[in-house]
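So the protein lines, in turn, are chains A and B. The first sequence stops at residue 600 when you use this note's numbering, and every number in between is there. The second sequence stops at residue 443 when you use this note's numbering, and every number in between is there.
No lab work stands behind these hints: they were computed from the structure. Note that this is a predicted model, so its numbers are computed, not measured. It is possible that some hints are incorrect.
[Said to hold, decoys possible] To give an idea of the chain B side of the interface with chain A (calculated C-beta under 7 Å), a few residues: (1) Asp310; (2) Gly312; (3) Leu316; (4) Thr394; (5) Ile413; (6) Lys415; (7) Tyr419.
[Claimed, not checked] If you anchor each label on the Cβ, the simulated ranges turn out as follows: (8) Arg323/B <-> Lys404/A: 26 to 36 Å; (9) Arg334/A <-> Leu351/B: 34 to 44 Å; (10) Arg315/B <-> Leu577/A: 50 to 60 Å; (11) Lys498/A <-> Asn424/B: 28 to 38 Å; (12) Asp329/B <-> Phe409/A: 35 to 45 Å; (13) Ser370/B <-> Arg439/A: 16 to 26 Å; (14) Asp397/B <-> Gln553/A: 18 to 28 Å.
Here a beta-carbon is modelled for each residue, glycine too, at the ideal position from N, C-alpha and C.
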Amino acid sequence: MTANAARRRELVQVLLLTAGFLVLVAISAASILFVDRARDDSALVVHTVEVENQIAAVLLELRRAESAGRGYLLTSEPRFLAQHDTALANILSNVRRLRDLTLDNPVQTSNSDALQAAVETRLTEFRETIAFAKRKDQQGGIAQLRATTAEDTVQRITEISNAMRREEDRLFAARTVSADRSQQWASTVTIAGSGLVVALAALSIFLVRRSSRARDDAEAQLRDSNLNLENTVTERTADLREANEEVQRFAYIVSHDLRSPLVNIMGFTSELEELRGDIFKRIASLSHPDMPGPLSDVDATEPVLTEQDAKLSEDFNEALGFIKSSIGKMDRLISAILHLTREGRREFQPVPVDLRELIEGIAGTVAHQASEADAQIRITPLPVIVSDRLALEQIFSNLIDNALKYLRTGVAGDIAISGRTKLGFAIIEVSDNGRGIDAKDHQRIFDLFRRAGPQDRPGQGIGLAHVRALVRRLGGTLSVSSELDAGSTFTVTLPVKWALGRQGKTT
Amino acid sequence: MSKPVTIIMIEDDEGHARLIERNIRRSGVNNDIKPFTNGTDAIRYLFGTDGSGLAHKDEALLILLDLNLPDMSGIDILRRVKENVHLKATPVVVLTTTDDAQEIKRCYELGCNVYITKPVNYESFANAIRQLGLFFSVIQVPQAEI
Numbered sequence: 094m095t096a097n098a099a100r101r102r103e104l105v106q107v108l109l110l111t112a113g114f115l116v117l118v119a120i121s122a123a124s125i126l127f128v129d130r131a132r133d134d135s136a137l138v139v140h141t142v143e144v145e146n147q148i149a150a151v152l153l154e155l156r157r158a159e160s161a162g163r164g165y166l167l168t169s170e171p172r173f174l175a176q177h178d179t180a181l182a183n184i185l186s187n188v189r190r191l192r193d194l195t196l197d198n199p200v201q202t203s204n205s206d207a208l209q210a211a212v213e214t215r216l217t218e219f220r221e222t223i224a225f226a227k228r229k230d231q232q233g234g235i236a237q238l239r240a241t242t243a244e245d246t247v248q249r250i251t252e253i254s255n256a257m258r259r260e261e262d263r264l265f266a267a268r269t270v271s272a273d274r275s276q277q278w279a280s281t282v283t284i285a286g287s288g289l290v291v292a293l294a295a296l297s298i299f300l301v302r303r304s305s306r307a308r309d310d311a312e313a314q315l316r317d318s319n320l321n322l323e324n325t326v327t328e329r330t331a332d333l334r335e336a337n338e339e340v341q342r343f344a345y346i347v348s349h350d351l352r353s354p355l356v357n358i359m360g361f362t363s364e365l366e367e368l369r370g371d372i373f374k375r376i377a378s379l380s381h382p383d384m385p386g387p388l389s390d391v392d393a394t395e396p397v398l399t400e401q402d403a404k405l406s407e408d409f410n411e412a413l414g415f416i417k418s419s420i421g422k423m424d425r426l427i428s429a430i431l432h433l434t435r436e437g438r439r440e441f442q443p444v445p446v447d448l449r450e451l452i453e454g455i456a457g458t459v460a461h462q463a464s465e466a467d468a469q470i471r472i473t474p475l476p477v478i479v480s481d482r483l484a485l486e487q488i489f490s491n492l493i494d495n496a497l498k499y500l501r502t503g504v505a506g507d508i509a510i511s512g513r514t515k516l517g518f519a520i521i522e523v524s525d526n527g528r529g530i531d532a533k534d535h536q537r538i539f540d541l542f543r544r545a546g547p548q549d550r551p552g553q554g555i556g557l558a559h560v561r562a563l564v565r566r567l568g569g570t571l572s573v574s575s576e577l578d579a580g581s582t583f584t585v586t587l588p589v590k591w592a593l594g595r596q597g598k599t600t
Numbered sequence: 298m299s300k301p302v303t304i305i306m307i308e309d310d311e312g313h314a315r316l317i318e319r320n321i322r323r324s325g326v327n328n329d330i331k332p333f334t335n336g337t338d339a340i341r342y343l344f345g346t347d348g349s350g351l352a353h354k355d356e357a358l359l360i361l362l363d364l365n366l367p368d369m370s371g372i373d374i375l376r377r378v379k380e381n382v383h384l385k386a387t388p389v390v391v392l393t394t395t396d397d398a399q400e401i402k403r404c405y406e407l408g409c410n411v412y413i414t415k416p417v418n419y420e421s422f423a424n425a426i427r428q429l430g431l432f433f434s435v436i437q438v439p440q441a442e443i
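Put together the whole structure using the sequences plus the hints.
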C-alpha cells in the first residue's frame with residue numbers, strides 16, 4: 094500500500110515537472126511568435142511611412158521639375174534646364190520605387206499605376222514646355238502653360254497622392270492597432286505562463302515537503318522497528334540460551350540419575366555371579382556325594398558337573414555376560430553424554446592462536462601412531478586466529494586422529510592440513526588418502542553415537558559430534574567431502590576473530 | 298575406654314546401601330552400621346530433636362554420605378555437620394556417583410575428609426568399598442566433643 098502511494102507521489106511529481114516544462118516551452122514559443130509578429134507589424138508600419146515618404150518625394154520632385162522648367166522658360170538659362178532634367182530623372186525612379194513598394198497592396202498598386210499615368214502625362218507636358226523654351230518661343234510656352242490640361246493633370250496627381258496617403262494612413266492605423274494587440278498578447282501570455290509556472294512550483298514544493306515528511310515518518314518508524322527487532326533478537330537469544338542450558342542440565346541430571354541404578358544392576362549382577370559359583374558348587378557336591386573333602390575345599394577347583402548341569406551353568410554364564418557387556422556399553426554412553434555436557438558448560442576464552450603451531454603440536458603427540466600406520470602429516474602455513482585454544486586442540490586432534498585411524502591398509506598414509514582466510518573466516522582443510530566415507534553416510538557421521546563403514550576400529554561415535562558442536566560454538570561450520578576408497582577432506586570454517594558472548598553457550 | 302565407631306550410612310538407594318554394607322563386611326569391619334535413606338531422618342538422628350548434636354556426646358561416629366538425596370542435597374548435611382561444634386571432628390566420607398570436579402572441590406572446601414566416586418564397574422566398586430573398610434578398621438575417630 095505504502096509502495097503504491099510512494100509510486101503515485103513520484104508520478105505526480107514527474108507530471109508536475111513535465112507540466113511546468115511544457116508551460117515554459119509554450120511561453121517561449123508564444124513569445125517568439127509574438128515578438129516575430131510585432132517585428133512584422135513594425136516593419137509594416139515602417140513600410141507605410143516609407144510609402145508616404147516616397148509619395149512626398151514624387152510630389153516634391155514634380156514641383157522642382159515644374160519650377161525649374163518655368164525658370165528655364167523665363168530665363169533660358171541652362172542652369173534651370175539641368176535642374177529640370179535631374180528632377181525628371183528623379184521623378185521616374187521615385188515613381189518606379191513607389192510602385193515597387195506598393196506591390197503588396199492591390200488598391201495602392203492601382204493607385205500608383207494611376208499616379209504613374211498622371212505623372213507621365215505631366216512629364217509629357219513638361220517636355221512640351223521645354224520644347225517651346227528651346228525653340229525660344231516664350232509666348233507659346235506660356236500659352237501652353239495656361240492651357241487647362243496642365244491644371245487637370247496637377248489636380249489629378251494631387252488627388253491620387255491624397256488617396257494613396259489616406260490609404261496608407263488607414264493601413265498605418267490598422268497596423269499600429271495590430272502591433273499593440275500583439276504586444277498585449279505577448280505580455281498576457283508571459284504573465285499567465287509565469288503565474289502557472291509559479292503555481293506549479295508551489296504545488297511541487299508542497300508535494301515534495303509532504304513526501305519528505307512522509308519519508309521522515311517512515312524512517313522514524315523503521316528505526317523503531319529496527320530497535321524492536323534487535324530487542325526481539327536479544328530476547329530470543331536469551332530464551333534459546335536458557336533453553337539450551339536447561340537441556341544441558343537435564344542431560345547432566347538424567348545421566349547422573351541413570352548411573353545410580355546402573356551401579357545396582359552391575360553390583361547385583363556380580364553378586365549373582367558369585368551366587369552362581371556357590372550354587373553350582375553345591376550342585377556338584379550334591380551330585381557327587383562320594384567326593385572327598387568338605388565343601389570349602391571345592392573352592393580351589395572347578396566343580397565337577399554332570400553334562401546337564403554344565404549346560405545350565407553355561408547358559409547362566411551367557412546371560413550374565415550379555416547383561417554385563419550391555420551395562421558396560423550403557424555406562425560408556427552415559428559417560429560420553431556427561432563428557433559432552435561438561436564440555437558444553439565450559440566457558441570459552443578467545444585468545445590469539447597460531448594454528449600452525451597448534452597443529453604441529455598435535456602432530457607431535459600422534460607421531461608414534463603415524464609412524465606405526467606408515468603415514469606422514471604435512472602442514473602448510475596456517476593463519477593465526479582468535480579463538481578458544483582448548484576447543485581448537487580438541488577439534489583438530491579429533492580430525493587428525495580420525496584421519497590416522499581410518500587409513501587404508503597397505504597404502505602409505507598421507508594427511509595434509511592446509512588453510513586460508515577469506516572474508517573474515519579461516520578455512521582449514523584436513524585431508525587424507527584413507528578409506529573415505531560413502532556419500533550416504535556424510536550426514537550420519539556427525540550424529541552422536543553413529544559411525545560408518547566397517548566397524549574394525551574402537552570408538553564410541555562421539556568424536557565428530559563433539560567436533561561439530563565445538564565448531565558451532567566457535568561460530569563456524571564443519572563439512573566433509575569424501576568418496577569411498579578415495580580419502581576424505583574435512584573443512585573447518587572458523588571466524589578469524591571470535592568474540593565471547595556472540596555465540597554464548599551452545600552445544 | 299572409647300566406644301566402637303558407629304558408621305552412619307546416608308544413602309537413598311537401598312541397593313547401593315546393601316552393596317556398600319556387604320563389601321564393608323567382607324573387608325572384615327564389624328562395626329555398627331546405621332542406614333538412613335533420606336536426609337531428614339539422618340539429620341534428626343545426628344543432631345537430635347533439639348538440633349544441638351549433644352545427643353552423640355561420648356560417641357565415635359563416621360559418616361558415609363551420598364550427595365543425591367531425595368529431600369535435600371548431601372552437601373547441606375556436610376555443611377551442617379562441619380558447622381556443628383559437637384560433630385565437626387567427625388570424619389565424613391562422601392560416596393556418590395557425581396565425578397564433577399566442581400562438586401568435589403566444594404565438598405573438600407566444606408570439610409569433607411574423603412571423596413569417593415562410585416564406579417559402575419562392580420569390581421572397582423567392590424574394591425573401593427573394601428579398601429574403605431580397611432581404612433575404617435585402622436583410622437582413629439575422635440569422640441564427639443562436649
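Of all the hints given earlier, name the ones this structure violates by number, lowest first.
-> 5 and 9
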